[in-house]
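*Asks:* Numbering (my numbering), first residue to last: 1 to 731.
Be aware that a few hints might be false.
Distance ranges between label pairs, derived from CB positions [said to hold, decoys possible]:
#1 Arg351 <-> Arg102: 32 to 38 Å
#2 Glu357 <-> Arg180: 41 to 47 Å
#3 Glu173 <-> Val54: 31 to 37 Å
#4 Ala400 <-> Pro546: 16 to 22 Å
#5 Arg179 <-> Leu295: 26 to 32 Å
#6 Pro546 <-> Arg102: 51 to 57 Å
#7 Glu703 <-> Gly383: 31 to 37 Å
#8 Pro329 <-> Ile294: 17 to 23 Å
#9 Ala164 <-> Glu140: 29 to 35 Å
#10 Asp222 <-> Arg179: 25 to 31 Å
#11 Ala463 <-> Arg351: 48 to 54 Å
Think of the hints as simulated: they come from the structure by calculation, not from any bench.
Idealized CB from N, CA, C, for every residue including glycine.
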Amino acid sequence: MHILMVTMSLGIGGAETHILELARCLTRCGHSVTVVSNGGVYVDALTADGVRHVDAPLHSKHPAALLRAYRTLRRLVREERFDVIHAHARIPGFLSAIVARRADVPFVTTFHGVFNPVWYWRLLTRTGERALAVSEDVREYLQKWYHMPADKITVTVNGIDVEAFRAGEPSAELLAPGRRTILCVTRLDRESAGHVYAMIEAMPEIVGAVPDARLVVVGGGDVLGDVRAAAADTDAALGGGRIEVLGPRTDIPAILPAADLFVGVSRAAMEAMACGIPVILSGAQGHLGAFVPILTAEAVGTNFCCRGRDVADADTLADAVITVLKKTPEERREMGAYGRALIEREYSVARMAGDAETVYARAIREHVFRRGDAVVSGYYGFGNAGDDALLTAIAEGLRARGIYRISALSKNGKPPAPGVRAVRRFRFFAVRREIRRAKLLISGGGSLLQDATSTQSLVYYTAVMRCAERAGVPVMVFANGVGPISREKNRRRAARAVAAADAVSVREEQSREELVSMGIDAARIRVSADPVFRLGTPRPAQTERPYLLLSLRETADGRRTRALEDALFAAARDLCREADLDAVVLPMQPAYDDGICARMAERLREAGVSAEKYGAASFGEIRARIAGARCVIAMRLHALIFACAACVPPLALSYDPKIDAFMEYVRMRENVLPAFSADGEEILAAARRLLASRETLRAALAERTEEMCALSEKDFDVAAALFAGKTREDS
1 MHILMVTMSL GIGGAETHIL ELARCLTRCG HSVTVVSNGG VYVDALTADG VRHVDAPLHS
61 KHPAALLRAY RTLRRLVREE RFDVIHAHAR IPGFLSAIVA RRADVPFVTT FHGVFNPVWY
121 WRLLTRTGER ALAVSEDVRE YLQKWYHMPA DKITVTVNGI DVEAFRAGEP SAELLAPGRR
181 TILCVTRLDR ESAGHVYAMI EAMPEIVGAV PDARLVVVGG GDVLGDVRAA AADTDAALGG
241 GRIEVLGPRT DIPAILPAAD LFVGVSRAAM EAMACGIPVI LSGAQGHLGA FVPILTAEAV
301 GTNFCCRGRD VADADTLADA VITVLKKTPE ERREMGAYGR ALIEREYSVA RMAGDAETVY
361 ARAIREHVFR RGDAVVSGYY GFGNAGDDAL LTAIAEGLRA RGIYRISALS KNGKPPAPGV
421 RAVRRFRFFA VRREIRRAKL LISGGGSLLQ DATSTQSLVY YTAVMRCAER AGVPVMVFAN
481 GVGPISREKN RRRAARAVAA ADAVSVREEQ SREELVSMGI DAARIRVSAD PVFRLGTPRP
541 AQTERPYLLL SLRETADGRR TRALEDALFA AARDLCREAD LDAVVLPMQP AYDDGICARM
601 AERLREAGVS AEKYGAASFG EIRARIAGAR CVIAMRLHAL IFACAACVPP LALSYDPKID
661 AFMEYVRMRE NVLPAFSADG EEILAAARRL LASRETLRAA LAERTEEMCA LSEKDFDVAA
721 ALFAGKTRED S
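Working from the sequences, and respecting the hints, build out all of it.
*Replies:* Below, the structure written as structure tokens:
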């Protein structure tokens, strides 16, 4: 991904170090990261690891500075297409939200702490489409004061580079033979340096009890001069050599090993823990005391910041420091070892970067862009669960290859899949405009090139392909089921459209044969698989009892439909009684399937079988329900595909050649019966065989599903090549 990270500055501080480590790790993972800030001591470290830095006065609330910072961000986003903007802190968040909205870029934030929730700050605070919170109490703060939904907030960690922070050789300048060093590393600003003043005030009592103690303070900020003055006065009273204020430093990994005890909070305390140093958690927001296992849950809940606890005074700090320093060396080593183990286990930089990657991916997937770089043409927006799953699989496969701006030609203007822009399919000028601005047209998946339903449908899909061809936009016929096409004029129309396409894949061998029969060069046709296979195996729905799942659809011939209903009812009734199964009747496209499914469920209930018509809200719920079945008897193609992808043995009732073609392709041809001529005994016998050989069939499906997934992934590689501007031959 191409990531724009925006923060106030890169000076000394926990949030700044978090950003440094996050940007470094994301870069090592192969992403391109640009950081915009007012600069600071960490810029050189950032750029040395290949992260670009751009200066902007994001540290100031002055209107002139805000305007300059906004113009810098706006220019960057105009010049480069970033996939996501990630802001840290209020000012960067406020400006980034404006830029992201105008540039149509997904926007996320990280909240590193809780801040004063006065009304005017709340008005200026932008939480983003998704947010990262560094602790549970920060998540609760976002929910309480900004009403951000819990499912939009991800609790992450302050990732620590445990290889950089480990017990090692300390910086020579900090070695003080015969002294035990108490170290404070913190930002020395007015609101965060209270515990440093308290430590300086506590030093006379500490030295009185532990004569070899000394205090070293590291940090910069607007009260650095005051801290130095207070330290000098107290040090002079102690005879000198007891308190040293180093100011801002970036070589913290070399400084920490010189410490015998660390006093502080948040990221600095975690870095000390990673070095195996005993820690007293005490800061501007509260005091927890010496960090021991019993305090882990409370410390973790506030990101080691002690929020909600009383702030320590000099006496409290003196007692805590003296208690730890008077422990035996073995006891102090145990404290340090526990802290190190916790950081290694729970607070890696890799986990922090992984959390960010997940949030970026979700924000991109959910963001509905104002235009699409890739346009998908298919049977979308008609309430068909199979086609909804198809579009979601196509969108996810494209995003996995860096294609995020996706449009779909849909029946209505509602997003047909998460993060996919909908363009009304019958608004000709809107469709033409969307295609002309795109870099790729995907025609598929599904059975688009056929005239069994109507000539009108085939004319529409070929017209969309011709529109792209005239505009010079690459066209990919994507995992199509082709045929039957019976009318000669329609065969010529389909052949012209496919011949002009830049890449052609079909979802099974029979579709390839249909295209070859229409004169398409066989070498240009790739036999692939339905994209739904790349969605993986869903988690089965949890139910109290095993069940048989039925998926039915109405047909134009009422007499044949009634005969099918009677035969299937008899078979399902007897099978459920024999195998002690419940029944679930599933409409895949409720507008067409509800009637027949409701009748079947009612008849089974009257016959004493526990049966329900399952009205799922999404194809994800349908996939889970199918995955939990003992076996599936289905007419609908995507009910069969969902079953195979979940390794649930399917019995197909074929009403269309595409059913036979698919079942043959997944090597389940023996599990197909003709929908309108099979009687109840035939269906029952086939279902019995299915249950008897269930485990063998599951193993075969698992192997075939893996093959199908690999085939589908190749389609996305071809699509990505076309999107990148490669020729038909290159792709």
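*Asks:* Now tell me, hint by hint, if it's right for this structure.
*Replies:* Tested hints:
{"no.": "1", "hint": "Arg351 <-> Arg102: 32 to 38 Å", "verdict": "33 Å, holds"}
{"no.": "2", "hint": "Glu357 <-> Arg180: 41 to 47 Å", "verdict": "42 Å, holds"}
{"no.": "3", "hint": "Glu173 <-> Val54: 31 to 37 Å", "verdict": "34 Å, holds"}
{"no.": "4", "hint": "Ala400 <-> Pro546: 16 to 22 Å", "verdict": "35 Å, violated"}
{"no.": "5", "hint": "Arg179 <-> Leu295: 26 to 32 Å", "verdict": "28 Å, holds"}
{"no.": "6", "hint": "Pro546 <-> Arg102: 51 to 57 Å", "verdict": "55 Å, holds"}
{"no.": "7", "hint": "Glu703 <-> Gly383: 31 to 37 Å", "verdict": "33 Å, holds"}
{"no.": "8", "hint": "Pro329 <-> Ile294: 17 to 23 Å", "verdict": "22 Å, holds"}
{"no.": "9", "hint": "Ala164 <-> Glu140: 29 to 35 Å", "verdict": "32 Å, holds"}
{"no.": "10", "hint": "Asp222 <-> Arg179: 25 to 31 Å", "verdict": "30 Å, holds"}
{"no.": "11", "hint": "Ala463 <-> Arg351: 48 to 54 Å", "verdict": "50 Å, holds"}
The structure does not agree with numbered hint 4 stated previously, though it agrees with all others.
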